[in-house]
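Add chains B, C and D to chain A, keeping to what the hints say.
Each chain, letter by letter, is given below.
4 protein chains.
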Amino acid sequence: MVEVVIVLHEDASEEEIEELVAVLHEVGAEAHISRGEFRTVIGVIGDREKVMQMPFEAYAAVEKVVPIMKPYKLVSREFREEPTVISVGSAVIGGGSFSVIAGPCSVEAEEQVVKAARAAKEAGAMLFRGGAFKPRTSPYSFQGLGEEGLAMLAQAREETGLPIVTEVLDVRDIEVVSRYADVLQVGARNMQNFLMLRDLGLQDKPILLKRGMSSTVEEWLMAAEYILKEGNKNVILCERGIRTFETGTRNTLDISSVPMVKNHSHLPIIVDPSHATGVRELVVPLCKAALAAGADGVMVEMHPNPREALCDGPQSLTLDCFKEMMDELNEMAAFLGRK
Amino acid sequence: MVEVVIVLHEDASEEEIEELVAVLHEVGAEAHISRGEFRTVIGVIGDREKVMQMPFEAYAAVEKVVPIMKPYKLVSREFREEPTVISVGSAVIGGGSFSVIAGPCSVEAEEQVVKAARAAKEAGAMLFRGGAFKPRTSPYSFQGLGEEGLAMLAQAREETGLPIVTEVLDVRDIEVVSRYADVLQVGARNMQNFLMLRDLGLQDKPILLKRGMSSTVEEWLMAAEYILKEGNKNVILCERGIRTFETGTRNTLDISSVPMVKNHSHLPIIVDPSHATGVRELVVPLCKAALAAGADGVMVEMHPNPREALCDGPQSLTLDCFKEMMDELNEMAAFLGRK
Amino acid sequence: MVEVVIVLHEDASEEEIEELVAVLHEVGAEAHISRGEFRTVIGVIGDREKVMQMPFEAYAAVEKVVPIMKPYKLVSREFREEPTVISVGSAVIGGGSFSVIAGPCSVEAEEQVVKAARAAKEAGAMLFRGGAFKPRTSPYSFQGLGEEGLAMLAQAREETGLPIVTEVLDVRDIEVVSRYADVLQVGARNMQNFLMLRDLGLQDKPILLKRGMSSTVEEWLMAAEYILKEGNKNVILCERGIRTFETGTRNTLDISSVPMVKNHSHLPIIVDPSHATGVRELVVPLCKAALAAGADGVMVEMHPNPREALCDGPQSLTLDCFKEMMDELNEMAAFLGRK
Amino acid sequence: MVEVVIVLHEDASEEEIEELVAVLHEVGAEAHISRGEFRTVIGVIGDREKVMQMPFEAYAAVEKVVPIMKPYKLVSREFREEPTVISVGSAVIGGGSFSVIAGPCSVEAEEQVVKAARAAKEAGAMLFRGGAFKPRTSPYSFQGLGEEGLAMLAQAREETGLPIVTEVLDVRDIEVVSRYADVLQVGARNMQNFLMLRDLGLQDKPILLKRGMSSTVEEWLMAAEYILKEGNKNVILCERGIRTFETGTRNTLDISSVPMVKNHSHLPIIVDPSHATGVRELVVPLCKAALAAGADGVMVEMHPNPREALCDGPQSLTLDCFKEMMDELNEMAAFLGRK
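Residue numbers (the working numbering), protein chains in the order written: chain A, 134 to 472; chain B, 134 to 472; chain C, 134 to 472; chain D, 134 to 472.
Bound-form chain A, shown alone (with noise of 0.2 Å):
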C-alpha cells in the first residue's frame, strides 16, 4: 500500500536517493522510484504506522512528502462498511433515524432544566442536553453549576426518561461526569486534548465528540480515532461550526462536512445551529438544513425563558419555537424516509 510519495528536489543526487532506499528498507518499508526527465519521486509502501513517522523532509534531496494514505483506520468507511449506530436508554442515534438533542446551553436551576426538559421530552425530543460545567473566554463570566448542575440534570431524566449530554471540561471530572451523565460530551476546545480522548476511549458511555472550530474534517476523524483505538466505538461526531473572517455568525456552519463525513467514515454525525451561528434566527432553517444534507440529528439550544439564561440567551429558542420547530422537522424527516 502506497502510504506516501516523496518528491526529490531537481539536484538530488544518486547517493541521496540511495540513502533514502537504504533508510527505507531498514524500517521494511519498499520503494517504488519514477525518474523523470528532472525531477525523481518516490513511492514507499509499507507498515503505515512505521512510515508515517518517518521524518523524510527533514533529508536535503526531499522536496516535498505528499501522504496518500488517509491518517485514520478505525474510524473510516474501509474498516467497517455499515454505518455505526449508537443506542442510549430509549434513544437511538445513526442508521436512518433523525434524532433531536435538545436543552438549555447551562444548567442553571432545577426548575429551569426540568421544565426545559418536560418542553422537549413533549416536542419529541430524544435527548435532554445541558451544560454543568462551562467553557467561558472571561473568568469573570459564569462557569456552571458543577456537579450540582449534574444532579439536576439527572433530576430531568427522572422526570422524562430522557437520557443526558452533558460536557466533560476537564479530564478528572470524566468518572462525576460518567456517575450522571448518558453521553459524554467533549467541546470544541478539548477536541484535540489527546489525553482526554484517551481516556474517553475507556469509557463505556457514548461520546459526543463537537469539531474543533479549526479543525478540518481529517483531524476530526483523527481525533475520533483516538477514541476508537482505546476501545469506545460509540462516537457521535457534532458540526458546530468553523472560524473564519465571515463576522455575520459567531462561527460558520460548514454543511458539506455532514456528506464528507458520511463519504469517509461509519460514525454518525449530527449538527449543532445554535453554537454555529448565534443567531436564533438561523437555528430553524439550518436544522432543516442538516437533515436534508443527511445528518442523523441536530443538538438545538431552547429555554425557558432566554432573557434570564446566563449563557448564549441570544442563540437559545424558546419552548413554543421550539415546539413549532419539531413538528416541521418530524414532518420533514418521515417525507425523507427518516425516523
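If you are wondering where the hints come from, they were derived from the structure by calculation, not from laboratory data. A hint or two may mislead.
Since copy identity is lost for identical chains, a pair holds within one copy or between any two.
Cut-off 35 Å, straight-line C-alpha distance, at most; resulting in silico cross-link-like pairs (DSBU-like, lysine-lysine) [said to hold, decoys possible]:
1. Lys183 <-> Lys254
2. Lys456 <-> Lys472
3. Lys183 <-> Lys456
4. Lys362 <-> Lys456
5. Lys472 <-> Lys183
6. Lys206 <-> Lys248
7. Lys254 <-> Lys203
8. Lys203 <-> Lys183
9. Lys206 <-> Lys254
10. Lys362 <-> Lys183
11. Lys203 <-> Lys456
12. Lys248 <-> Lys197
13. Lys362 <-> Lys197
14. Lys183 <-> Lys248
15. Lys338 <-> Lys183
16. Lys472 <-> Lys206
17. Lys197 <-> Lys183
18. Lys203 <-> Lys472
What follows is chains B, C and D alone, placed relative to chain A:
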C-alpha cells in the same frame, strides 16, 4: 438615526470632545454625549452618507468607532419588504419558487452544449448555464471560447427555450455578452470590481452576483447595492463558498448565508454547491440542504461527459445523475410548498 | 464607565425600553439613552462583571450589543503600566532584553538532549526547551517520553545551567512537570483549557502561554487573565501562528500580534517561527522580523540531527545553522539597543 | 519531469488503469505505475501545459490527483536565478536596496498631494503613491478624483522628482493611468482580474501587484506569471495582508510570504503594513519587521492631516511621524547592509 457610536479614550479632554462635536455640527450631524465615570461615548445622528465619510478615527481622542446602521439601503428589507421576484423568459427566480440553473462549467463545443441543454430542459431545469469566458488561476489553462462560445449558448436556447446565464469576465465584454445572454453573471473574483458593478447597474438584464471568496455577507450586499443604485433592481445573489482552512473541499459552503440574506434583504439567493466544494459526491446533499434552508434555487454543473470536460470535470454531474437529483429535488420542493 | 452600547430595533416600544432600563437598574447599572429619529441606543454604565453577564440580546427589542470596554483587566496596560519582566534562573524575559529559547521539538534520548542543550548554551540561548509530552494529531505518532523525558531535560539543565521550558499537556501532569521544569508551557491546543489555566494560576513558576490556532489576540489575553486572576503574574505570551487558508506554511505567523500585545498589555511576548511555518528556511528571517517588530524573544527548534528527529524534523535548524543565526540576532539586538 | 501523481481507488480495475495510460499516451505523456498491495499510483511525465489541462479526477478510478511541479515557470527561481531589479526614474526596487513608497491613501487636492510628496522626498522615500481611482466597499463612499487626481500626482512628481505609483482600477483606464504614472498598481481586488493582468503584461511600465486578500502565495505568483507571459518582466509583488478571523487588525499581514517569495521567485517583494492592519500604531514596527525579514521595500500611507483624509485616515502616519520612521529604517537598512 444614530449612525455610529464614537468611543473616546479614557484621557480625552473636554477640548477634544468639543472639537469633535463642532466638526459633527459642521456636517449637520447631532452628537449625543454619554459621560461615564471613566469614558465618554458619543452617539452620532445625521445624514448617513455624510457621516460615513467622516474620518473619526483620525482624531487622537477617539478610541473606536462603532457603526450602528447597516451600510446598505436599497437591498435591505427595511427599504422593500416584499421579496424581489425576477422573471427571465419562462423562468422565475424568487417568490416561493425553487429554480435550478444547470449546465457545463465551460462551453467546449456545440454538440456538448446542446446535448447538456436538452438534458437540463428534460430534467426540469429552468435556466441553462455555461462559461464562454473563463477565469483561470493559470495562464496555461483553457480560457474559454469567447464569443464563439456565446453563440453556442444562444443555439442551445434556440433548441430548448431555456434562458442563458453566463459570466461577464471583463467590463469591456458587457455589451457582447448582453447580446447573447439572458442573465449576466458576476464571478466571485469580480464581486468587488466596482466599476463593472456600476456598469451592470445600467443594464436591463438580471445580474447573478456570486459572493467573493473572502467577502462577508455584508460586503456582498454592498456589492449588490452598487448595482441597484444605478437602477437595475434585478439581482440574484449566489452563495458559492468562502475560503477557509478546510482542505477537504475547495471552498466552504456558507449555508447560513441563505437565511441571513433572507433576514436582511429582499433579493433572491441561490446556492452553487459545485464550485463551493469541487466534489461531485457532495453536490446532491448540498442542493437538498440549500432547498431546506430556504434558498430560491441552485446552480449546478453537469456535463455529457465529465471526463472530457476542459474545466472542473471532477465536480460535474453526469446527465443521468443530474436527472435523478432533479426528481428528488422536485419532490422535496413540492413537499415544502415550493414551486 | 460605559461597558456596552445596546442598539435597539427600529420598532422598539417605550415599554420595552423601560423594561430594559428597569433590569439595568436592578443590577445597579445606569442607562444613558440616546433617542434618534429612527432608533434608540442605550449606553450602559455599571459594574463590569455584572454587566458582562447580562443576556441583553435575549430581549426582542435589542438588535445588537456592542461591548465598549476591553474584557480583560489584570493583563492590560491600563491596570499596570510598566512591562512585566520575568526572571527564571539566569534568564530574563521582557524589559528590553531579547531572549532565545531553543531546543528540539521532542526529547528523544539523553545524548540528543544534552548535545542540543550544550549547543544552545554555547550559541547564547537563555533557556532550553524540549517536549516530553507531545500533542500529536495521530494516535499512531510518537507521543513523547513522559517523565523519563523530563529527567533528561533536568540533566541538560544540570550540565548547562539553562532553565528548562516544557509543555504541560494534561492538567494531571502539572505537579510532575513542575518538579523538573522552570517554565511551564501551555500549548496552542490548551489555550482555552480554562481549568488548566486556573490551576497554573496557582503555581509559582512562570507560564509560557501559546496562542490558540484560531484565537484572536483578545481571547489570548483573556486566557492570560485566567492565570493572573489566580495570582500567578508571570505569563509569557508566545505567538505561534494562526490557521488560515494559506497552505505554503503550516500556520500563518501573525507578526502584528507583537505590537498589538505591546499596545494593550504589560506582558512579554515571544515568537515561535518554527511551529508557525513548519519550514526551516523561513525560521531565520522570521526570527529577525520578530526582533525588529519588538518581540521580547523567540523560541526556535534545533536538533543535533534533524533527519533522525521523531517529530518536526523539517522545521528544525541544525546546530551550525542555529549558531550562525544566534550571531546575527545578537548583533542585530545590540544595534537595536536590546540586551 | 513528473508533473502530477495520480492516486487510484483501491478497487480500480486493470481496464481502468490501461484506459488512463492510453489517454496519457495520446497527449504524449508517460505513465510510471507503482502497484502497491492495495493501491496503484501513477506518476505522469510529460508536457506541463497539456498535462495540466487533463481532467483526471473525472475518471471513476481516480481518487486523488497530486500536482508535483509548481504551476508557474517564468516567475520562478528555477527559470531565472538572479533577482529582478527594477529601475523607475531615480528609484530602484530589488537587488539589495530597501525602497520606501509613501503617500496618502487617496488624492484629495493639489496642495495635500504636493505637501505630502515634498515630505516624502525630504524624508528619503524613493517613490510617491496616491489613489486617483479608489475601490470602495460602499457606493456611498468617496470614489476618487479620477484623471484630475492623476494630474495632481504628475504635478507632485514635477515638484519632487519622485516617480509615481497609482492604481489602475478598471481595465479601460490602463491607457490614461499610463500617461501619468510611472508604476501601475493592481489592487488586491483585481489580483485575479486575468484580462487586466494580460493587458498590463503588454505595457512597458512596471506593475506593482498586490496580493489578493484570500490568495495563496502560489496563486499570487500565478497572477504575476500572467503578466510576465505577455512580455512585461517588471513586476513588484506587494504583501498587504490576508483575511482571517482576527478582528484586531483589518487584515493579517503574512510576513512569512516575504521569505517564501524570495525562495521561490526572482521578483522583488515589498510590504504594505498600512492596509494590512488599518492601525497607525502598528505601521512602524511592521515596516521594521518587513526590512528584517528581507523585503525589498515598504509602502506606507502618510497624510499632511490624517483627520481630514477622505479615506483611511486612521492608518495614515503624520508627516513628522513618517520622517522619524524613515530615519530609523535608514539606519537599520544601513546596519543590515541594504541600500
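Going through the hints against the structure:
In this assembly of identical chains, the alpha carbons of Lys183 and Lys254 lie at most 35 Å apart only when taken from different copies (34 Å versus 50 Å within one copy). In this assembly of identical chains, Lys456 and Lys472 lie within 35 Å of each other by CA distance both inside one copy and across copies; the values are 18 Å within and 27 Å between. With identical chains, the CA atoms of Lys183 and Lys456 are at most 35 Å apart between copies only, with a shortest distance of 32 Å across copies and 53 Å within one. Taking the shortest alpha-carbon separations for Lys362 and Lys456, neither the intra-copy value of 39 Å nor the inter-copy value of 42 Å comes in at or below 35 Å.
Within a single copy, Lys472 and Lys183 get their C-alpha atoms no closer than 44 Å, and across copies no closer than 45 Å, so neither meets the 35 Å cut-off. In this assembly of identical chains, Lys206 and Lys248 lie within 35 Å of each other by CA distance neither inside one copy nor across copies; the values are 43 Å within and 38 Å between. For the identical chains of this complex, Lys254 and Lys203 are neighbours neither inside a copy (40 Å) nor across copies (40 Å), given an alpha-carbon limit of 35 Å. Proximity of Lys203 to Lys183 under the C-alpha cut-off of 35 Å is found in both arrangements, the shortest distances being 15 Å within a copy and 29 Å between copies.
Taking CA atoms no more than 35 Å apart as the test, Lys206 paired with Lys254 passes in neither setting, with 37 Å inside one copy and 43 Å between copies. Taking CA atoms no more than 35 Å apart as the test, Lys362 paired with Lys183 passes inside one copy only; the shortest distance there is 17 Å, against 45 Å between copies. Taking the shortest Cα distances, Lys203 and Lys456 sit within 35 Å of each other only across copies (32 Å), while inside one copy they are farther apart (42 Å). Taking identical chains as interchangeable, the C-alpha atoms of Lys248 and Lys197 lie at most 35 Å apart only when they sit on different chains, with a minimum of 29 Å there against 58 Å within one chain.
Taking CA atoms no more than 35 Å apart as the test, Lys362 paired with Lys197 passes in both settings, with 30 Å inside one copy and 27 Å between copies. Proximity of Lys183 and Lys248 under a CA criterion of 35 Å is satisfied inter-copy only: 26 Å between copies versus 54 Å inside one chain copy. Taking identical chains as interchangeable, the C-alpha atoms of Lys338 and Lys183 lie at most 35 Å apart only when both belong to the same chain, with a minimum of 32 Å there against 38 Å between chains. In this assembly of identical chains, the alpha carbons of Lys472 and Lys206 lie at most 35 Å apart only when taken from the same copy (29 Å versus 45 Å across copies).
For a Cα distance limit of 35 Å, the shortest separation of Lys197 from Lys183 qualifies both inside one copy, at 18 Å, and across copies, at 23 Å. For the homomeric pair Lys203 and Lys472, the shortest alpha-carbon distance inside one copy (32 Å) is at most 35 Å, but the shortest distance between copies (42 Å) is not.
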